[in-house]
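Asker: With these hints in hand, go ahead and build the complete structure from the sequences.
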Amino acid sequence: MALYSDKVMDHFENPRNVGVIENADGVGEVGNPTCGDIMKMYLKIENDTIVDVKFKTFGCASAIATSSMATEIIKGKTIDEALELTNKAVVEALDGLPARKIHCSVLAEDAIKAALVDYFTKTGKEMPECLVGFEPHED
Amino acid sequence: MKVYADNAATTYLSKTAKEVLLDCLDNYNGNPNSLHTDGQLTQEKLDEARGIVAACINAKNPNEIYFTSGGSEADNQALISAARANKAKGKTHLITTNIEHHAILHTMRKLELEGFEVTYLAPKANGIVDVDDVAAAITDKTALVSIMFANNEMGAIQPIPEIGAICKERGVLFHTDAVQAAAHIPIDVQAMNIDMLSLSGHKFHGPKGVGVLYARNGIRLLNVIEGGAQERGKRAGTVNVPGIAAMAAALKEGCDNMEANNEKVIALRDKLIKGLADIPHAQLNGDPVKRLPGNVNYSFEGVEGESLLLGLDNYGIACSSGSACTSESLDPSHVLLGMGVPIEAAHGSLRFSLNEENTEEEVDFIIEKVHKVVELFRSMSPFWDALEKGEKEHCI
Chain A
1432 MALYSDKVMD HFENPRNVGV IENADGVGEV GNPTCGDIMK MYLKIENDTI
1482 VDVKFKTFGC ASAIATSSMA TEIIKGKTID EALELTNKAV VEALDGLPAR
1532 KIHCSVLAED AIKAALVDYF TKTGKEMPEC LVGFEPHED
Chain B
43 MKVYADNAAT TYLSKTAKEV LLDCLDNYNG NPNSLHTDGQ LTQEKLDEAR
93 GIVAACINAK NPNEIYFTSG GSEADNQALI SAARANKAKG KTHLITTNIE
143 HHAILHTMRK LELEGFEVTY LAPKANGIVD VDDVAAAITD KTALVSIMFA
193 NNEMGAIQPI PEIGAICKER GVLFHTDAVQ AAAHIPIDVQ AMNIDMLSLS
243 GHKFHGPKGV GVLYARNGIR LLNVIEGGAQ ERGKRAGTVN VPGIAAMAAA
293 LKEGCDNMEA NNEKVIALRD KLIKGLADIP HAQLNGDPVK RLPGNVNYSF
343 EGVEGESLLL GLDNYGIACS SGSACTSESL DPSHVLLGMG VPIEAAHGSL
393 RFSLNEENTE EEVDFIIEKV HKVVELFRSM SPFWDALEKG EKEHCI
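Heads up: the sequence lines are chains A and B, in that order.
Position in the first sequence (from 1) plus 1431 gives the number in this note's numbering.
Position in the second sequence (from 1) plus 42 gives the number in this note's numbering.
Hints were generated in silico from the structure; no laboratory data involved.
Errors might be hidden in some of the hints.
Unchecked claim - Only pairs whose alpha carbons sit at most 25 Å apart, straight line, appear in this in silico BS3-like list of lysine-lysine:
(1) A:K1438 / B:K57
(2) A:K1556 / A:K1506
(3) B:K166 / B:K411
(4) B:K414 / A:K1438
(5) B:K306 / A:K1438
(6) B:K57 / B:K306
Answerer: Below is the structure:
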């Protein structure tokens, strides 16, 4: 079996939502201390809905693929729905990742959360309980 | 286009080696330890192979050649033998470098647990160990110096004759892991004062799973594999004659054609090095001249090696990377870090290892596609803009 599923390779070769949103409503950047990967997410939010999302990622194929898949999943979703997204769901949507690459999916989940923390901080809106005291995973 | 540029990882079996392998499988399948004709005919093949290998590295006597399962086993046996056999004499110090293959480094760690003290020398920025550092590290307690002939990742060729001379003068055993050097650059164990040497068949168009430990007569080898009395009692297990004969044939072919091959491969290597030099914030790792004929190792800042590697794989180009993401351990290349390459640059490194079968057209293709993937992944990098605007400092 190949290292990566066809879906991972598709999202690596044709990543969705790559780029930057100027004047984004929320920006989150997280890095993985284990391997040095860095992910940055930009959110455009209207009426509690993520109307646009872009990312830039420095990292391996699975880091790029998880960023791409995570943005695809949350685009058009409400903030509450996006907050329910787990790294596990991203991994499942990609038809799995090798064990040592699971941390890449954690990075994608954390990047979205970090961008939402930034949104709530910037707008002064009440931070959902699950984001209070949010710290990206150490690993 | 399919371009295989990962010959330092493994090579394809040569036509000659394959013919020998098949011939042995068909016609020399006896156990060389058997006394019947089948066995003895196979024994002759084995003797012949031993003679060929001895001649290729200029060993004094074919009985100094011990066949193993590969380079790693040879490295293990060389280190363990030199260390444990000298322990009783109070020699408990070993010297190596921090850029060795893990077969050396992990065996050294094991010996440290047994009470040996190990000095890990760091090379200069060009990846080459300073001979003076080797001389300065030797003490009355030093049992062994083990320094690789040429580095597998960034290709730097070490000053083996000079180190051999120092070790001889100081009465210290000298082992070299010549896995990347054999059949690619000249080896003369006598002239270079090499006491022990490891090599591996599949790095020069021989089969996998077969290698050599050369140990000068008079050196006490300890068994890593216990059992029957094969290989003068120093390596148990029914001897893999087909593999050994094919390896010997490949080694001889490589050595016989070394000059002609190198003329071609060095030209291809230098063309590739030159062709990638215009990529900004990139650097060649390892000495530009004293390097293996086929080795090109570049770091590209702001991009990650696994992405580059898989991006190139999509174009049909096979190479390797020292990125953390490509390793099982998620650690970036210890070799690049060990020679002082910044961690970001190690993360974005690619190694191309060419051979005589590569063509100029393939090198042009690699040059074009590397430019393309580096640009693509830099455009996806969250910090490349900041580097370009001067908000962050470039490391290379």
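Asker: Would you mind confirming whether the straight-line C-alpha gap from K414 of chain B to K1438 of chain A stays at or under 25 Å?
Answerer: holds (23 Å)
Asker: Mind checking the alpha carbons of K306 of chain B and K1438 of chain A for me, to see if they're no more than 25 Å apart?
Answerer: violated (41 Å)
Asker: Does the alpha-carbon distance linking K1556 of chain A and K1506 of chain A stay inside the 25 Å limit?
Answerer: The given pair, whose Cα atoms are some 21 Å apart, holds under the 25 Å limit.
Asker: Need the status of pair K1438 of chain A, K57 of chain B: alpha-carbon distance at most 25 Å?
Answerer: violated (38 Å)
Asker: Within a Cα-Cα threshold of 25 Å, do K57 of chain B and K306 of chain B meet the stated pairing?
Answerer: Status holds; Cα separation ~19 Å.
Asker: Quickly compare the C-alpha distance for K166 of chain B and K411 of chain B to 25 Å and report which way the hint goes.
Answerer: violated (31 Å)
Violation of the numbered hints given earlier is confined to hints 1, 3, 5; the remaining hints are satisfied by the structure.
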